[in-house]
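Colleague: Sequence:
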Amino acid sequence: MYLDEICEYCITLPGVEETQPFGPDHIVYKVKGKMFLLVGIEESPIRFNVKCNPERAIQLREDFPHAVLPGWHMNKKHWNTVVMGEGLSRTQCEEMIRHSYELVAK
1496 MYLDEICEYC ITLPGVEETQ PFGPDHIVYK VKGKMFLLVG IEESPIRFNV
1546 KCNPERAIQL REDFPHAVLP GWHMNKKHWN TVVMGEGLSR TQCEEMIRHS
1596 YELVAK
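Each residue of the sequence shown is one higher than the one before, counting from 1496 in this note's numbering.
Quick caveat, the hints were computed from the structure, so don't treat them as lab data. Accuracy of the hints is not assured; some may be wrong.
Unchecked claim - Beta-carbon label-pair distances, calculated as ranges: (1) Pro1516 / Glu1557: 29 to 39 Å; (2) Ile1553 / Pro1519: 30 to 40 Å; (3) Lys1527 / Glu1589: 19 to 29 Å; (4) Pro1519 / Trp1567: 16 to 26 Å.
What the hints assert, rightly or not - Simulated crosslink set (SDA-like; lysine to any residue; CA at most 25 Å straight-line): (5) Lys1601 / His1561; (6) Lys1525 / Pro1549; (7) Lys1529 / Cys1502; (8) Lys1529 / Asn1570; (9) Lys1601 / Gly1582; (10) Lys1527 / His1594; (11) Lys1527 / Ser1539; (12) Lys1527 / Pro1540.
Using N, Cα and C, we set each Cβ at its ideal position, and we do this for glycine too.
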C-alpha cells in the first residue's frame, strides 16, 4: 500500500479523525479520541504503527519477520510496526488496520 491508500482506507472507517499531534511529519488516525494508526509521511519505505492483541502481534511478527516488527516508540506488547514493500498484500495491511481500529473502538 502507498501512503495515500493507507490514509484513504483509514478515513473510510466510521468515526475516524485524522490529526497531526506530533507535527507535520506524522499522521495519526483516531477513533473515540484514541490513536489506532500512526504513519510517517516522509519515511521510505512507508511504515505505520497499529495496535494488536498480544498473541496476534507475536504471530504476525513470526509470519512476516521483515514486514511486521515490534512497535517503534510504542508498547511492543500491544503495537506493531508494519513495513511496506516487504511482501504484505493490500488485504493483509487492511486487516491489520481494521484490527487496530476495532481494538480501539471497543
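Colleague: So, for every hint listed, does it hold in this structure?
Modeller: Hint-by-hint comparison with the structure:
Distance hint check: the CB atoms of Pro1516 and Glu1557 are about 32 Å apart, consistent with the given range 29 to 39 Å. About 34 Å separates the C-beta atoms of Ile1553 and Pro1519, a value consistent with the hinted range of 30 to 40 Å. In this structure the hint that Lys1527 and Glu1589 lie 19 to 29 Å apart at CB holds, the actual value being about 20 Å. Take Pro1519 and Trp1567: their Cβ atoms lie about 19 Å apart, and the range 16 to 26 Å holds.
For the hint pairing Lys1601 with His1561, the CA-to-CA distance comes to about 30 Å; that exceeds 25 Å, so the pair is violated. Between Lys1525 and Pro1549 the alpha-carbon distance is near 20 Å, which keeps this suggested pair within the 25 Å criterion. Simply put, Lys1529 and Cys1502 have alpha-carbon atoms about 16 Å apart, close enough for the 25 Å limit, and the pair holds. The suggested pairing of Lys1529 with Asn1570 holds, with an alpha-carbon distance near 15 Å, which does not exceed 25 Å.
Taking the CA atoms of Lys1601 and Gly1582, the gap is near 30 Å; set against the 25 Å cutoff, the hint is violated. Taking the CA atoms of Lys1527 and His1594, the gap is about 15 Å. The hint holds against a cut of 25 Å. A C-alpha spacing of about 30 Å is found between Lys1527 and Ser1539, which places the hinted pair above 25 Å, so the restraint is violated. Proximity of Lys1527 to Pro1540 is assessed by CA-CA distance (about 29 Å); at most 25 Å being required, the pair is judged violated.
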